[in-house]
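Okay, here's what each chain looks like letter by letter:
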Amino acid sequence: MTLKQGRQLQTVLLGALAWLVALTIFFPIFWMLLTSFKTEIDAFATPPQLFFTPTLENYLEIDERSDYFHFAWNSVVVSFGSTLLGMLLAVPAAYSMAFFETKRTKSTLLWMLSTKMLPPVGVLVPIYLLFKDAGLLDTKTGLVLIYTLINLPIMVWMVYTYFKEIPKEILEAARLDGATAMQEIYRVLLPISKGGLASTVLLSLILSWNEAFWSLNLTASSAAPLTALVASYSSPEGLFWAKLSAVSTLACAPILIFGWLSQKQLVRGLSFGAVK
Amino acid sequence: MSTSSLPAEGTTHASATSTSVHEERKRQSRLSLAMVSPSVLVLLAWMAVPLAMTLYFSLIRYNLLYPGDNEFVGLENFTFFLTDEGFTAGMTNTLLLVCSVLLISVVVGVLIAVLVDTPFWGRGIVRVLLISPFFIMPTVSALVWKNLLLHPVSGVFAAVWRFFGAEPIDWFSTYPMEAIILIVSWQWVPFAVLLLMTAMQSLDQEQKDAARLDGAGPIAIFWHITLPHLARPIAVVVMIETIFLLSIFAEIFTTTGGGPGYETTNLAYLIYSQALLQFDVGLASAGGLVAVVLANVAAIILIRMIGKNLTDKA
Amino acid sequence: TTVTVGTVNNGDMIIMQRLSAEFEKQHPDIKLDWVILEENVLRQRLTTDIATNGGQFDVMTIGMYEAPIWGKLGWLETMDNLPEDYDIQDVIPSVRDGLSANGTLYALPFYGESSMTFYNKDLFSKAGISMPEQPTWQQMSEFASKTHDPENGIYGMCLRGKPGWGENMALLSTMVNTYGGRWFDEEWKPEINSPQWKEAIGFYIDLMSNYGPPGVSSNGFNENQALFSSGKCAIWVDATSAAGRLLNPKESQVGDSVGFASAPVAVTPKGSGWLWAWALAIPTSSDAKEAAKEFMLWATSKSYIELVGESDGWASVPPGTRASTYDNPKYVQQAPFAALTTQAMQNADPTDSTLEPVPYTGVQFVAIPEFQSIGTQVGKMISGALSKQMTLDEALDSSQKIAEREMKRYYK
Amino acid sequence: MSDLTIRNLKKSFDDVHIIKGIDLDIKDHEFVVFVGPSGCGKSTLLRLIAGLEEVTSGTIHLDEREITDVAPAKRDLAMVFQSYALYPHMSVRKNMSFALDLAGVDKNEVQRKVEDAARVLELGPLLERKPKALSGGQRQRVAIGRAIVRNPKVFLFDEPLSNLDAALRVLMRLELARLHKELNATMIYVTHDQVEAMTLADKVVVLNAGRVEQVGSPLELYHHPVNQFVAGFIGTPKMAFLKGTVQTAGSDGVSVVLDCGPQYQLPHQATGLKAGDEITLGIRPEHIEVVDKDASPFKVRLDVTEHLGADTYCYINLPNGESLTVRAPGDFSGDYGQDAGLAPDLTQAHLFDATGKTIPRPRNSAQAA
Amino acid sequence: MSDLTIRNLKKSFDDVHIIKGIDLDIKDHEFVVFVGPSGCGKSTLLRLIAGLEEVTSGTIHLDEREITDVAPAKRDLAMVFQSYALYPHMSVRKNMSFALDLAGVDKNEVQRKVEDAARVLELGPLLERKPKALSGGQRQRVAIGRAIVRNPKVFLFDEPLSNLDAALRVLMRLELARLHKELNATMIYVTHDQVEAMTLADKVVVLNAGRVEQVGSPLELYHHPVNQFVAGFIGTPKMAFLKGTVQTAGSDGVSVVLDCGPQYQLPHQATGLKAGDEITLGIRPEHIEVVDKDASPFKVRLDVTEHLGADTYCYINLPNGESLTVRAPGDFSGDYGQDAGLAPDLTQAHLFDATGKTIPRPRNSAQAA
Ligand SMILES: Nc1ncnc2c1ncn2[C@@H]1O[C@H](COP(=O)(O)OP(=O)(O)OP(=O)(O)O)[C@@H](O)[C@H]1O
Ligand SMILES: Nc1ncnc2c1ncn2[C@@H]1O[C@H](COP(=O)(O)OP(=O)(O)OP(=O)(O)O)[C@@H](O)[C@H]1O
Ligand SMILES: [Mg+2]
Ligand SMILES: [Mg+2]
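Protein chains in written order, with my numbering: chain V, 4 to 279; chain A, 15 to 328; chain U, 276 to 687; chain Y, 102 to 470; chain X, 102 to 470.
Among these hints, one or two may not hold up.
What the hints assert, rightly or not - What follows is a list of derived Cβ distance ranges for each label pair:
| # | chain 1 | residue 1 | chain 2 | residue 2 | range |
| --- | --- | --- | --- | --- | --- |
| 1 | Y | Gln-364 | X | Gly-225 | 35 to 45 Å |
| 2 | V | Ala-19 | Y | Lys-195 | 23 to 33 Å |
| 3 | V | Gln-268 | Y | Lys-195 | 15 to 25 Å |
| 4 | U | Gly-588 | A | Tyr-70 | 48 to 58 Å |
| 5 | A | Leu-89 | U | Gly-588 | 52 to 62 Å |
| 6 | V | His-73 | A | Leu-89 | 28 to 38 Å |
| 7 | U | Asp-627 | A | Leu-89 | 54 to 64 Å |
It is worth saying that the hints were derived from the structure and are not from the lab. Just so it is clear, CB atoms sit at the ideal spot from N, CA and C, and this is done for glycine as well.
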C-alpha cells in the first residue's frame, strides 16, 4: 500500500467515523421518525421494534384534528420575521463593535448577553401585563418582537465572532475604494462572512421556531405557532408517543428541510489567502 | 489660513476646516454609535422595563391568586427564596449541569467540528445530521429520550443493554442528573458544532501547511493551531450556552420533575415549583433576580477566564 | 361572535373539538376558536390570563382544583339560571360539589373520574389468585408478590412515581386518606410527618421497591398505562378514565384480560378513591359570555353524550358526570367498569375525605393556591425516598418543613 | 491641486512610538518615494496619510484643507497594500472594478478600464479567478490593478512590485511612470528597490526609525547624503565606511590617515575640523578600482568575489577588521586571497564627522559631469 | 546524503495544468535557485517538493527513496512561505520555537537558538510581539527565522527577502550563504532578485510556464543561455533583441544585416544557417557603449535616460520600432533626443534562430577572461 493509498484510506476512515458520529447523534430523531409511523402499541413495545407495519394513522389523525398549516404559517412568519429584524439590528451592531472597538465594547457585549439572564419564569407576569396593555397578546407581531429581543444578543455575539475573523485590511481596502459603511457591510463583509451569517440565521430561526415558553404563554389561537401544536399532543392522558412523534416530525420538518437546503451556505470554503 | 487664492476650493472646504478639526472623527464614532445603538436601545428597553417591574414585584406580596393583597414586604421574598431547603441543591445542580454540559459540548463540539472539516463523501448530509438535534423542541426531545430511549423497560437503551446481557439501567432514578446532562448535551452539542464548524473555515490552510512542515502531527496541529484559532468561537459557545443552560427547565420538568429528592432541581425549576406553580409573582420575581445575580457572577467569572479571546484580534 | 375555548389535550376534549362542528352548524353566528394545550401549560396559560384579566379566553377548561379557588375570587361567571332541560340535578353530586364554592356552581363538568384498581386476570389466574371487589392495600402487596416476575418482564405493581401534585401525590393522597392521615389539621397545620403518613408512604415505598417496575420514580399515568396495556403489570391503581383505554384494542394488548376493582383501602374507606373532573367555565373577562354559555351547555349536555355515543361508540362518551349516563343500557353494556366507576364517584366526597376533620375540600388535593407548590415539592421528596436518595423520615420531615414554610407565608 | 502638507505627525501603538514627528511637503503631481530600513514606519506613514490609522498628534493638510480626521473614502486616494488585502470573495475582475462599481461608473466604461488594466498587468486570462487561485505575483498585480483603474488624486503604493520578476518589474515601473504622467496624480511610493527609487522618484524621502533623515532628488541623495545613514542606505552594494583621523585641515582640503593604513588628501571643506578629529571616509563600490598591488599604496587581499554577469563584486576584509566592497566589471577575475591594490576615486569620496554628519565638499568636484 | 530527484512531475489544479512535466536533479548541499516569470509555477513546485500539494503525476525521490507521497513532516525540510503563514496567535518567539518545541528540544537550547536567529535577523526587541504588530519586512524575517532555527536537511525559500531593504537584504543573503555552508543543507530558493540568484546559486533553474527552460550555473546562464527566453530573463536591464537577416554564413562566422540598419560580422557557428534566414541578435545593455554619432555605423537617437547613481540607463527607440537599453556609467550625460552612435561588443553578442534557440558561438570568444 502506498502512502497515497494510505492517505485515501485515512480519508475514508475519517469519513466513516464522521458518519458514525452523525448517525449516532441523529439516532434519536430517526427513532422519533420511525415511531411516528407506528401504532401507539408498537411505539411502546418491548423490545423496541425496528421492523413493523408502518401506518399513517398518526398523521391522518393530526390532519383531522388540527390545521397544521395555520400553525406552520405562524411559525414561518414569526421566526423569519424575527430573524430578519434581528439580523437588521445585529449586523450593524456587530460590525461597529468588531471594527470600531472601544473600551466599552467588551462590556457592551457582556451586557447584551446579560439581558438574557432573567429567567422567563421570573418575568412571565410582567411581560404578560405589558403585552396585554399593548394589545400584543396573541399577535404575530408580539412574537416577532419578543423573539427578536431574546435572540438579538446571541445574533450579535455570533456575527461579532465571524466579523472578528476577517482581516481588517480587506475592509480598509473597501473604505479606500470609496465604500460607505453600508456598502462595506453589504458588499464586502456579508459576502465574506456568508457562512457565519448563514449559521447565525439558521440558529436564530431554530431558536424562534422551537421557543416554547413565550409562544405558549403569549398566544391563544390566531398567532399560535407549531410549538402550540406540539403542546396539544404532548403528555395527554393516554398513550401519545406515536402521535407526538408524528407531530414533532411535522413541526420540525420545515426547519429541518430549510437547514438541509441551506447547508451549502453554512460552510463555504473561504480563505483569506488574499492577505499576508 | 488663507483661502483667497482658490475661492472655489476654499469655500467648499472652509466649513469643514473651520467648524472642527475632529468633525470627521466624530462623525465616524457617531456612525459606529448609530450602528450599535438600535440594538442597545431595544435591549435596554427590553431589559429595563421587565427588570424594573420584577424588582418592584420582588419587594411586594403579589400572588395572582390573592388579588388586592399587595403590601410591601421588603426582602421577605428574597429571604424566603434563599432559605428554601432546595436552594443549595438547586445551586449545586445548576452549576453541575451548566459545567458538565459546557464541558461536553465544547469538547465534543470541537472534535466534531474538526472531524467534519476534512472533505469526505456526503459531508453536507453529515453536517445537517449533526446539527439536527437542535431542530427538536426541548420538551419533545425530553419526552423522546425519556420514553423511547432511556425507559428502563421499553427503551432502546434497555434493549441494547439486554442484548449485551446487562441489566438495563433505570436512568432517572439511579443516575437522574447524568441522564439530564445527557439529554441536554445532546441538544447543545449541535449548537457548538454549528458555531465551530463555521469558524473552522477561516483557518488559513497555509498555517496548517507551515505547521505540518514544522513537524506537527495532526494532534499538534489541532492543539497548537486549530484550538487557538477556535478560541474566540469557543468563548462565544461557552458564554451563550451558559446563559441558556442556567435556565434549563423543560427537560427537567418533563423527565424527573426535579426529583428524585432534589437530585435534579436546578434554580429555574426551583423558581417554577416554588413560585410559578402557586402564581406567587413576588417570589418568582425574587427568584428571578437571584438567578440574574448568579448568572452575572458566572458571566463575570467566565469573562475573566475567556474574555481575552473575545475581543483579541488574532 | 368568536368563542375562544382553552382546553386540555385529553381524548374526550379532542372528540368535543371534532364534534363542535355540529354546534357551529346549529349556531351559525358563533365561531369556535380552539386552544388545545397539555395540562400543565394550559393551567399556567389560563391562570396568567384570568389573573391579569387578559381576556384571551371565553371558555376555560379547568379542574376541580381551580374551580372553587377561582370562583371564590370572583373570576368566574356563576352557573345559575341553567335551562330546565339541562337537568343539573342529573350531575353527580360530588362532582357538583367539587366545582362549587360556598354552594355556588362555577363550572359545568365535562367529564369526571375517580380512581380504581386494574388487574391482569391472566396473570392472576396463573398465580392462582383472585381479586376481591374491594381489596385492601395489604392484599395488594400479597397479590403483587405472587405475580411479580421481573425475569420475564412482569411486575407485580404499577403505581405513579413521577413527582408532582397531580402525579404521584394524587395517588399518595388517597393512600394517606385511607390510612387515616390528612394534609392539614383544622388549624391549617401540616401533618405530613404524622404516623399515618409514615405508614402509608412507607408501605408505598416497600411495595414499589419490591414489586414495582424499574423507573417507578419517573412513571406517571401514561407510562403505567403503557406498561399495563402491554401486559407488564399485574396490578395498577389509577384513574377510572383508564378503563376505557385498557379495553380499546388500539391502545391496549390486554383488553380481554383486564379486570376491575375498587381502589384499595386500608384503615378507612374514606378518601380511598380520588375525585377529579374537568369542567368548563367562563371567565368574567370574557367578551362573549352569552355565546360561551351556549357552547358550554351544549358540550356538557345529555344530548352531547348521546351524540358521542352515536358517533364514536358508547365507550367513548365522557364519563363521570351524569347519573343518566350510567343508567343508559347502551353505555353499561359497552363499559363493564361503569358500575364500579359510579360507585367510586359517589363515594369520593371532596368535602369529607378524611378520617379526621379537615378545613379543606378536595380528596387528592387541597383546594388552596399553595397546594400546587407544596404538593409538588412533597412529591419530589417522596420520589427521593422511593429511589433511596433519602430515608422515609428525612423525606417526610423535609416535606413537613416545606409545607409549614409555605403555609406561613399566608397563614401567619 | 493637491499639495499634501504633513506637520509634526506622530503615531504610537500603545506605548511604542512608531512615527516620531514627521514634517513633509508633497507637491501636487509629485512622485515621492519613501525608503528606509524594514520596520522604520513607511507603511504606517502611508496608512496615516490614507486615514486608515488615527494619528496620535500632528496634522495632515491637503491643500488648505485639514484632512487629519477625514474618512479615508473622502480623501480620493488609492492604495496598494503591502499585504494586498484583496477581496477574497470576488473574482479578479470584480476586485478591480469594485471601486468603480461603487462610484456608479457606467458598465461599459468599467469593463474597458478593467480590461485595459488587466492587459497592462498581464492578468488577462485570470480575470475570472478568485484571489486564492493566484500566485503571489499575480495577487500583487491585482492589488495594483485595483488601485490604478480608479484615477484618484493620490496613489499610495506600498512595495507594489516586490513579488514580481525583473522583467515584469521593469514593465510595471514604466507603466507607473506613464500613469503618473498621464493622470497627473500625486504618487507616494514605498520601495526597497533602489532602481525603482532612483528611476521613479521626483523626490526620495529617507526614513529611519520614525524620522525623516533626508528629502531630496535621487541623485542628490546619491551624491550629497546629509549623513552617514543616508549615504549607507542609498546605493547598492553599500558604501564602504573607513574610519580615520584628521591629519591636517586647511583651505585646500583635509588630509586623513585611515585606520587601515593609507593616507589621503581630500578636497572637503575643513571648517570645524582640526587635527586629531575622528572622521569616517565613505566610498562607494563603484568608485573604487582594483589595480595591481604595486600600483597603489592601499594594499589589500581579496576575499570572495561574486559574479553577477554584468558586474563582479569583490569583497575585501581589511586588516583592522573593516570591510569594503568593490564593483568591478563583469569580466573581472580576481581570486580569493590574491593581493591587490585599491584605487579609490577621491573626488567621489564622502567624509563624515564623528556624529555621522556629512562634511561638505566643493560642489564642482561632487556632481559628476 | 540527500539528493533530490524529480522526474516528470506534473500538477494541475482542476483542469489547469500548472506544472507540465519537470525533471530536475538537486544534489546534496546544493544551493538551487528557481527563477521565472510571475505565475510560472515556482511556488507550486516548492509546495510539491515539500509535500504540501499532492502531485498529479510523476515522482520525487530523496536519494533512493521515493517521497512523492511521504507526509511533509517526514521530509525534514523547512519552508519560508511566500505569504509567510505565521501563526497569528503566537508571539514571534513562539513562532520561531514552535518546531523545536514540538521536537522536544531542550528549553535552553531552544532559547539559545531562537535568540541567535533573532539577533541575526534583527528581531531581538520584537520577540514578544504577535505577528499582527509587525511590519511587512519584520514578518518576513520571522518567517525566515522559523525556518532557520530548525537545521533541516532541505530548506525551501519562497522569495524570502522580497520585503527587506537593500542593506538588510545583503546581510540576509550573506547569512543564508553562511548558513548553507555551515549546515551543509540543501537549499532551494525562489527569487526575483537577479543579484540573489547570481550570488547565491550553485545552480539556477529557469522556469517558464510550468517547464524548465534551462538549468545551469549563474554565469552559464548569463553567458550561454540556451534560448531567447533565458537570455532575456537573466540580466537586468534586459538584453536587447534586434531582428535581422543572415547575409552570409560561413566558417568564419555569420554576417547579419539588422532590420534597424547596421550590418555585423559575428563569430557564431554558421552550421544550419543560410543566407536569408531570420535571426535575432541579442546584446546586453552592459555590452553596448554610447559613442559619438560619427564613431559608429549604428546611429541612434537617445530617448530617456535614468540616473541610478552608479549607473545610467539609456533607453533608445530604434526607427523600426525596436528598442534597446544601454548601461552607461553613473556620470554619463546624454540628453533626450541627442544623436549618438552605439558600439556593441560583438564578442558578447548572442544569436538566436527563428525559433528562439541560441546559435552557439565559439567557447573562447564567449567566456570573458
Ligand atoms: N488553486 C489554484 N487553482 C488554479 N490555478 C492556480 C491555483 N493556485 C495557483 N494557480 C496558478 O498556478 C500558477 C503557478 O502559481 P505559483 O504560485 O506556483 O506561481 P509562482 O511561480 O510562485 O509565481 P509568483 O512569482 O507570482 O509567486 C499561477 O498561474 C496561478 O495562477
Ligand atoms: N499594531 C502595532 N503595535 C505595535 N507596533 C507596531 C504595530 N504595527 C506596526 N508596529 C511597528 O511599527 C513599526 C513600523 O511598522 P511599518 O509597518 O510602518 O514598517 P515599514 O517601514 O513598513 O517596514 P517594512 O519595510 O518591513 O514593511 C515596526 O517596527 C512595527 O514593528
Ligand atoms: Mg511596510
Ligand atoms: Mg510564488
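Violations among the numbered hints, reported as their numbers in ascending order
2, 6 and 7
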